Amino acid sequence: MSVSVQQADFDVGAEIAALSQDRHEVGAVASFVGLVRDISGGSNVAAMTLEHYPGMTEKSLEEIVEQARARWSLYAVRVIHRFGRLEPGDRIVFVGVAGAHRGESFAACEFIMDYLKTRAPFWKLEETPEGAHWVDARDSDDSAAARWEKE
Amino acid sequence: MSVSVQQADFDVGAEIAALSQDRHEVGAVASFVGLVRDISGGSNVAAMTLEHYPGMTEKSLEEIVEQARARWSLYAVRVIHRFGRLEPGDRIVFVGVAGAHRGESFAACEFIMDYLKTRAPFWKLEETPEGAHWVDARDSDDSAAARWEKE
Amino acid sequence: MTVKILYFASLKDALGCAEENFSLPSGVSTIGELRNFLAERGDNWNALAEGRNVRAARNQRMASASDSVVPGDEIAFFPPVTGG
Amino acid sequence: MTVKILYFASLKDALGCAEENFSLPSGVSTIGELRNFLAERGDNWNALAEGRNVRAARNQRMASASDSVVPGDEIAFFPPVTGG
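Protein chains in written order, with numbering that gives the first Met the number 0: chain A, 0 to 150; chain B, 0 to 150; chain C, 0 to 83; chain D, 0 to 83.
Keep in mind the hints are simulated off the structure, nothing from the lab. A few of these clues could be false.
[What the hints assert, rightly or not] A few chain B residues that don't get close to chain A, going by computed Cβ distances all over 12 Å: (1) 5; (2) 22; (3) 30; (4) 32; (5) 54; (6) 56; (7) 69; (8) 82; (9) 133; (10) 143; (11) 148.
[What the hints assert, rightly or not] Derived DEER-like restraints, expressed as beta-carbon distance ranges: (12) 40(D) <-> 131(B): 24 to 30 Å; (13) 26(D) <-> 38(B): 44 to 50 Å; (14) 71(C) <-> 65(A): 23 to 29 Å.
[Said to hold, decoys possible] Partial chain D-side listing against chain B, Cβ under 8 Å, derived: (15) 61; (16) 80; (17) 81; (18) 83.
From a predicted model like this one, the values you see are computed outputs, not experimental measurements. Just so it is clear, CB atoms sit at the ideal spot from N, CA and C, and this is done for glycine as well.
The whole structure should be built from the sequences, with the hints applied where relevant.
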């Protein structure tokens with residue numbers, strides 16, 4: 000299964016190893032781990048809670064992976080996104096892509112992250128000394144996703 | 000130490016975890032693992048031997064890491080490159096970059112790989128059914144590195 | 000003749016509502032019309048008004064204002080996503 | 000008055016030489032001049048001739064043909080790199 004939406008943490012080393020396990024045609028595994036930062040917009044962050052839209056979340060991630068597979072020749076793709084309450088330093092998301100060469104693996108990994116950031120239904124609620132507040136979407140995420148439309 | 004040139008394998012999960020360990024300002028870890036493929040230029044590859052230039056190898060990798068740190072604001076960088084005899088599926092190289100946001104982590108990771116491919120003194124000798132032969136450098140690696148000069 | 004409507008994140012908090020079953024009134028046949036109808040409920044519901052940055056999904060896929068709504072649909076309204 | 004010269008990979012195999020201590024002759028004061036001088040040794044040494052795709056390093060840093068060579072230097076010649 001290439002997509003998981005879960006509360007539990009994940010094993011980055013095992014996930015990366017699995018992408019090339021028994022696939023000796025794989026020459027390049029690009030991966031990304033997103034983590035909870037202890038600062039956001041100038042405020043200290045004690046924790047954050049990730050809300051999501053069960054059902055749609057999985058579908059949207061699977062669709063993003065399909066789009067990446069249609070664009071590049073990939074051997075394996077893995078996306079894991081957590082939900083629930085997380086603290087600074089905790090892992091939020093993993094994206095791993097295995098291909099023959101590095102160019103396509105890097106591009107597909109970044110593409111998946113950019114699309115995930117704008118199309119997967121997750122929302123962050125941050126706990127700061129000033130109280131809890133929902134994180135605003137960033138314009139830079141929209142422009143990061145938009146650049147793939149032009150290419 | 001951010002650069003290692005070694006015969007031994009490495010622990011990808013531990014290396015990625017170390018990049019954000021006790022650094023809660025890290026939000027994005029991009030990484031790359033290069034592996035020995037079982038096919039190259041249409042021939043089956045039974046094994047390959049990586050020769051390198053001890054002393055210069057470490058220096059050139061450290062210089063590449065410095066250049067990445069000068070271009071992007073990064074919290075941690077790790078490069079490991081193996082030498083000696085490796086078989087299909089074996090890990091060759093690891094590059095991991097920890098930054099605040101994904102754009103800079105991805106860019107720096109790909110930059111380091113592109114420069115490593117053209118500037119770090121490693122050479123691959125492949126064992127195929129037709130005999131052992133030195134791998135030719137690829138023009139695409141030169142153009143991948145050259146694109147960073149323009150930006 | 001009903002649709003299920005879900006609200007998420009800051010929109011759910013603003014409306015004080017996570018989920019409702021809603022009978023489609025006559026004249027409401029698109030996502031945009033549904034959103035406008037709901038925004039007219041008064042009080043906090045103007046969080047759905049035009050100009051507010053609200054996204055919609057129909058049957059768990061991103062949808063635009065002109066997309067149809069038919070009985071049995073699952074419609075969701077939410078702010079721009081911030082995962083990853 | 001000598002320099003250490005190292006050869007790597009396919010170039011090492013072609014020359015049958017990994018390393019030598021070399022006394023700089025008069026008239027050889029750059030990487031390019033050194034390379035041309037060595038290429039004139041005959042037999043396999045024309046692997047270093049102009050037009051062959053050979054890279055050079057001086058004291059473990061990439062160098063170009065116009066870079067100086069002085070006694071005590073460590074000079075290396077090798078094919079384009081293929082690691083990673």
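Checked hints:
no., hint, verdict
1, 5, "holds, 18 Å"
2, 22, "violated, 8 Å"
3, 30, "violated, 5 Å"
4, 32, "violated, 4 Å"
5, 54, "holds, 26 Å"
6, 56, "holds, 19 Å"
7, 69, "holds, 21 Å"
8, 82, "holds, 18 Å"
9, 133, "holds, 18 Å"
10, 143, "violated, 7 Å"
11, 148, "holds, 17 Å"
12, 40(D) <-> 131(B): 24 to 30 Å, "holds, 26 Å"
13, 26(D) <-> 38(B): 44 to 50 Å, "holds, 49 Å"
14, 71(C) <-> 65(A): 23 to 29 Å, "holds, 26 Å"
15, 61, "holds, 7 Å"
16, 80, "holds, 6 Å"
17, 81, "holds, 5 Å"
18, 83, "holds, 4 Å"
Consistency with the previously given hints fails for numbers 2, 3, 4, 10, ordered from lowest to highest.
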